[in-house]
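J.: These are the residues of each chain, in order.
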Amino acid sequence: MTMALGPQDLGPHAAFIVLSYAAAIAIVAVLVAWIVLDRRHLTRELGELESQGMTRRSERTGDDKT
Amino acid sequence: MPLIDLANPSRFLALASRVLPWLTAATLLAFAFGISQAYLAPDDYQQGATVKIMFLHVPAAWLGMLAWGVMSVAALGTLVWRHPLADVAAKAAAPIGAAFTLMCLVTGSLWGRPMWGTYWVWDARLTSVLVLFLMYLGVIALWRTVDDPARAARVVAVLTLVGAINIPIIKFSVEWWNTLHQPASVLRLGGSTIHPTILVPLIVMVVAFTLLFLTLHLAAMRNEILRRRVRTMQMLQADARA
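Read top to bottom, the protein sequences are chains A and B.
If you count by the working numbering, then the first sequence holds residues 119 to 184, one letter each, in order.
If you count by the working numbering, then the second sequence holds residues 24 to 265, one letter each, in order.
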């Protein structure tokens with residue numbers, strides 16, 4: 119008796135399918151991690167500059183502007 | 024909010040902060056639905072279960088080209104309209120486009136091996152997509168080489184517009200030349216040749232990937248604006264110390 123192929127049966131080329139999904143997940147994970155870590159780094163750097171009294175030119179008022 | 028208001032980076036940041044959580048939720052929902060549909064989709068009568076690779080390969084290829092399209096519109100924004108956020112959008116899109124093009128190449132190779140008997144062949148479609156990936160790397164390198172973002176933006180914009188010629192070449196390569204790659208089967212005159220049981224999950228995955236691109240692009244643009252603020256403040260600090 120032969121069993122019908124179910125949707126979860128990936129057949130003889132299962133390794134290629136699994137590898138494709140693993141590669142896609144890895145690429146998206148790297149992209150997300152890069153964006154999240156970059157934001158964390160930039161927010162910290164901005165915070166440090168502001169704590170040293172630095173402001174952008176557009177945020178300065180009156181005589182402060184250089 | 025009028026579109027012109029988005030030219031102000033502070034307003035853009037406020038809007039991005041409001042939109043990003045919703046966009047992230049929509050992306051996750053679309054992927055949950057899309058992946059479940061892809062999992063339940065029947066096997067192809069010729070390709071068997073390897074057709075499941077298509078649910079990654081086609082959206083990745085679409086986004087690889089879409090990102091260059093976004094960069095091309097942004098390049099016009101930089102050169103013609105001098106929109107303050109145009110080069111921010113272009114710079115943020117490049118690594119994301121490169122990542123999706125890489126995904127297209129990797130999944131395509133892994134699909135090609137069991138179906139064609141080879142990971143790679145130097146035919147028109149595969150080679151033009153590889154050229155797109157190399158162009159992305161070139162643009163990213165150029166952004167990093169030129170120190171002043173405004174000057175880099177103009178050089179990159181010209182290169183982007185020249186490189187845009189590759190997008191129709193990729194699209195029509197399977198019609199213009201004899202290639203191992205199959206001809207267009209989704210977007211074609213006369214309608215799709217794919218059975219609805221496979222086409223519907225594919226469309227859902229394309230929507231999910233497009234939402235992912237929008238989310239990542241918006242987040243990367245926000246980072247780029249912050250990077251420029253940090254740069255400006257560091258230069259003011261250096262001036263104050265001098």
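By construction, these hints were calculated from the structure, which means they are not laboratory data.
Just so you know, not all the hints are guaranteed correct.
To be verified - Computed spacing ranges between beta-carbons, pair by pair:
(1) L137(A) to L99(B): 17 to 27 Å
(2) V136(A) to A263(B): 51 to 61 Å
(3) A132(A) to Y68(B): 12 to 22 Å
(4) A48(B) to G171(A): 33 to 43 Å
(5) S169(A) to P206(B): 51 to 61 Å
(6) S33(B) to L137(A): 36 to 46 Å
(7) R158(A) to Q69(B): 30 to 40 Å
(8) A263(B) to A144(A): 42 to 52 Å
(9) R167(B) to V150(A): 19 to 29 Å
(10) A173(B) to V136(A): 25 to 35 Å
(11) G171(A) to V96(B): 32 to 42 Å
(12) V144(B) to P130(A): 45 to 55 Å
Unchecked claim - To be clear about the criterion: a stretch of chain B counts as covered by chain A if any three or more of its residues have a C-beta under 8 Å from a C-beta of chain A, and this derived list gives those stretches:
(13) 102 to 114
(14) 160 to 166
(15) 172 to 185
No residue lacks a Cβ here, since even glycine has one placed at the ideal position from N, Cα and C.
J.: State for each hint whether it applies.
T.: Evaluated hints:
Taking the beta carbon of each, L137(A) and L99(B) are about 39 Å apart, not inside 17 to 27 Å as hinted. At roughly 57 Å, the beta carbons of V136(A) and A263(B) sit within the given window of 51 to 61 Å. For A132(A) and Y68(B), the Cβ-Cβ distance of about 18 Å falls inside the hinted range of 12 to 22 Å, so the restraint holds. The hinted window of 33 to 43 Å between A48(B) and G171(A) holds, with their beta carbons roughly 39 Å apart.
Between S169(A) and P206(B), the C-beta spacing of about 60 Å keeps the proposed range 51 to 61 Å intact. Look at S33(B) against L137(A): about 45 Å separates their beta carbons, and that is inside 36 to 46 Å. Range check, R158(A) to Q69(B): Cβ separation about 48 Å, and the 30 to 40 Å hint is violated. The hinted window of 42 to 52 Å between A263(B) and A144(A) holds, with their beta carbons roughly 44 Å apart.
For the hinted restraint 19 to 29 Å between R167(B) and V150(A), the CB-CB distance of approximately 21 Å keeps it satisfied. A C-beta distance of roughly 46 Å is found between A173(B) and V136(A), which places it outside the suggested range of 25 to 35 Å. Range check, G171(A) to V96(B): about 40 Å between beta-carbon atoms, so the 32 to 42 Å window is met. The hinted range of 45 to 55 Å is not satisfied by V144(B) and P130(A), whose Cβ atoms lie roughly 22 Å apart.
With a threshold of 8 Å between beta carbons, the proposed coverage of the region 102 to 114 of chain B by chain A is violated, since 0 of its residues qualify and at least three are required. With 0 residues bearing a CB less than 8 Å from a CB of chain A, the region 160 to 166 of chain B misses the requirement of three and the coverage assertion fails. Coverage of the region 172 to 185 of chain B by chain A is violated [criterion: at least 3 residues with CB-CB distance below 8 Å; count 0].
Hints 1, 7, 10, 12, 13, 14 and 15 from the list above are not met by this structure, while the remaining hints are.
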